[in-house]
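> Sequences listed follow chains S and E, in order. Under the working numbering, the residue at position 78 of the first sequence is numbered 78, and the numbers go up by one with no gaps. Under the working numbering, the residue at position 283 of the second sequence is numbered 283, and the numbers go up by one with no gaps.
Hints are computed from structural coordinates only; laboratory data are not their basis. Careful, some of the hints might be misleading.
[To be verified] A short list of chain E residues far from chain S (calculated; beta carbon distances all over 10 Å):
1. D53
2. N55
3. G58
4. F69
5. S84
6. E144
7. R171
8. P176
9. A212
10. S260
11. H263
12. Y268
[To be verified] What follows is a set of in silico ranges between Cβ atoms, one per label pair, in the way DEER data are often shown:
13. S:K155 - E:E27: 49 to 55 Å
14. S:Q118 - E:G238: 31 to 37 Å
15. S:L87 - E:D193: 30 to 36 Å
16. E:E27 - S:C102: 39 to 45 Å
17. E:R145 - S:G85: 57 to 63 Å
18. E:K289 - S:D92: 50 to 56 Å
19. E:E49 - S:S83: 41 to 47 Å
20. E:E27 - S:Q118: 40 to 46 Å
Beta carbons: idealized from backbone N, C-alpha and C, even for Gly.
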Amino acid sequence: MSTHTVKLTVNGKSCEGEAEARMTLVDFLRDVLELTGTHIGCEHGVCGACSVILDGKPVRSCLIYAVMADGHEITTVEGLEGSDGSLSPLQDAFWENHAMQCGYCTPGMLIASHHLLQENPSPSEEEIREAIGGNLCRCTGYQQIVEAVQMAAEKMKGGAA
Amino acid sequence: MKAAAFDYIRARSLDEVCQALADGDGEARIIAGGQTLIPLMAMRMARPETLIDINDIGELSGIETGGDFVTIKACTRQADILASDTVRAALPVLSDALSHVGHTQTRNRGTVGGSLVNADPSAEIPLIARLLDADMTARSISGERTIPAAGFFDSAMMTTLEPEECLVEVRFPVWPANRTGHGFHESSIRDSDFALAAAAAQLTLDQSGNCARLHLAIGGATPAPWRLDAVEAALTGGDLSDEAIEAAIADIPDMVEPQSDVHADADYRRRVARVLAGRAICDARDRAKGDRA
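Pulled out of the complex, with its shape left as it was, chain E reads as follows (with noise of 0.2 Å):
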């Protein structure tokens, strides 16, 4: 398995990757860690003419956090994101989530940044993304622009990132600490497979205990991260006793859209959903009590 035969630049700077993408024609790709694009390249699903490395550049990699936002450049290594205790102290349910994104191997090479281009349907940052409404801001050589997550997560393996244009950083909103907490579940055939399914919510209490604000996303059944708006309003306002959460989230099952494989059928991954929903749900509630770590 070897890739066709393509032109291979390394990129110094944003703007020489901006103006290679628009000589490309459509034709050019950026590469990153690769560890997706390499293997879709080997087995010739992806078959670019020229490979623009942007490993170089520095204004491309690193965390920067300020105000109500933690800020992360596209090409900054999936591992140095999971060490970093900035990210831990003010995003938890990023650093969750990403010890369950491939292996040591490939999170030393993989990027925030090409997870969230890839866009695979089942991959834990685009949830993160999606659960915690970042901005994508992404450069071309008209100009730059902020893609909201809700607008840049098109189908499976598809963003609304038109082929000129290199995704730059993202910005994820980090709530008030105070009574916030977060949960994050998988379910997978293995450690650190694809996820079957996976849930992730954030929830803040009010002074009584009960839900001033909840997120609450699902990756793996449906054809890009969705957020549950049905379940988000339902407990919203309410208590958050595991009655109020069961009967929210029972309906679920009929409001994702999952495909079948040779691991599990689409049913099995409807009810999947349910319940990893409940359960990071629950998480996120024992956490912003304080009832646990």
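For reference, chain S alone in the conformation it holds in the complex (with noise of 0.2 Å):
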């Protein structure tokens, strides 16, 4: 069993931490780094609910080891907010649209969307549903997921953003 030192830079800060080598790279944000936006939902990659993005690309953060991230970017929940803390467009789209109940999906269906966002400024709505595709939510039935980025985009388009 291998312990190692794991730095890596997380929402443009860089951090650092002792992980054993079989310790994934959500629980290192969590119980390590005490970044908690970031939630765990099946553990093996079926819920998308611990989406980060890594080197500007969205993947499952339990799938895939703290140590294998060493000397990379990632990007949490918790980067998402503006420097004075306030809500992203996509965040407060969210809130608009209530694009939860339970909450637990959120940190993933908003990396995802983000993420999209971020490569199509102006998606349809087959668009949204393919790149929310790997997260599941059990509570919404999707449907205001998808009129929060909607609303996103829009309002991002107008220069909100």
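Taking the hints as your guide, dock the two standalone chains into a single complex.
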């Protein structure tokens, strides 16, 4: 069993901690770096709740060991807010549309749709549903989440971003 | 669900990987994208003593074209292959199949080599490797060898790779584009779930519009991706009319041996395999004629 010093950049800040090789990135984020915004759902790559952005691309942080992320850049849901702590237009649209009930899937939904809007500022409903296709929600039936992403896209086009 | 403890090595070169595999005495495993291995380890269905991380090895990543082949290095991400214009132009059936592989988040980590060595019977990339007669190159401290797809997929989740071998690359033959078409169809419970059955076809027409060459493969309905030689032979040389295709695929339910599970029993999968094969051949024919994008 090996233990490693893991250094990575999380939401623009350099972070460091010790991790057994078997510690997943999501456990490292939550338990070592105390960034509890990222949720642990299924722990085997099915639900998408633990999605984070690794080197600019959304991945499941339960499907990567922390030591594998050593030297890489991570954005978690905590990194989406404005520098003054205000909600991003996407987060605000989730609030406006009540795009959650229990909130368990929300960090993963935000990460997946944040990345979508970066890549594609005017997604169709089908493209939104494809982008959040790897994220399970058991409350909303997805409708309000899709509407929130549509509203965020409109707001961001209007220069609100 | 936490993995059992293991030692971790971040390898910097292929030579280092081969040496670590040899030193591991069968208890070391390579980790690339980890999109299957990490869940298996979380459920303790896999308990390697050592993981050898190949993600930082530049020589194991990239897409190369040359002559009549496209070579994809083992640790190339599925998302990068799906986004590749080179692959879309030369191997459109692979691009179509990749859009069915997992989700954005898993394709951003999952690799072509990982899918090939995992050899899930319902996986799309092994199906396309078998369809196109791809060659796999593997290396160990004893040297390098090339394994044709026909001899690579042994049974469900089993390949003919030795424990001390590392897959280096997969080489897909590229067919002449003229009068060539492809088709890919899959049935699954939800988009991007594992396939209940999948079918892929690629064919070339001769100048008179008859079938000069046809490959047809089925996934999810046999322990390993399966080429339907009898259907290929029955249709090659013919006019590929709807009636001829219907007749040729009629016996597919007897040619495959699917498993039953909670989602679909074996009889259903047999029927689905036939229907999907017919659709794949028709799409390939229509594309070869230029009737379909």
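> Taking the hints in turn, state whether each one holds.
Checked hints:
1. D53: 6 Å, violated
2. N55: Violated, because the least Cβ-Cβ distance between N55 of chain E and chain S comes to about 7 Å, which does not exceed 10 Å.
3. G58: Holds: least Cβ distance 15 Å, greater than 10 Å.
4. F69: For F69 of chain E, whose nearest Cβ neighbour in chain S is about 28 Å away, the distance exceeds 10 Å, so it holds.
5. S84: Its Cβ never comes within 10 Å of chain S, the nearest being 15 Å, so this holds.
6. E144: 27 Å, holds
7. R171: 27 Å, holds
8. P176: About 33 Å separates P176 of chain E from the closest Cβ of chain S, which puts it past 10 Å; holds.
9. A212: 37 Å, holds
10. S260: Its Cβ never comes within 10 Å of chain S, the nearest being 22 Å, so this holds.
11. H263: Non-interface label on H263 of chain E holds, nearest chain S Cβ at 15 Å vs cutoff 10 Å.
12. Y268: 24 Å, holds
13. S:K155 - E:E27: 49 to 55 Å: Holds - the Cβ-Cβ distance for K155 of chain S and E27 of chain E, about 54 Å, lies within 49 to 55 Å.
14. S:Q118 - E:G238: 31 to 37 Å: 50 Å, violated
15. S:L87 - E:D193: 30 to 36 Å: 34 Å, holds
16. E:E27 - S:C102: 39 to 45 Å: Given a distance of about 42 Å, which is inside 39 to 45 Å, the answer is holds.
17. E:R145 - S:G85: 57 to 63 Å: 58 Å, holds
18. E:K289 - S:D92: 50 to 56 Å: About 52 Å separates the Cβ atoms of K289 of chain E and D92 of chain S, which means 50 to 56 Å holds.
19. E:E49 - S:S83: 41 to 47 Å: Check passed, 46 Å falls within 41 to 47 Å.
20. E:E27 - S:Q118: 40 to 46 Å: 42 Å, holds
Going down the numbered hints, you'll see the structure goes against 1, 2 and 14, while the others check out.
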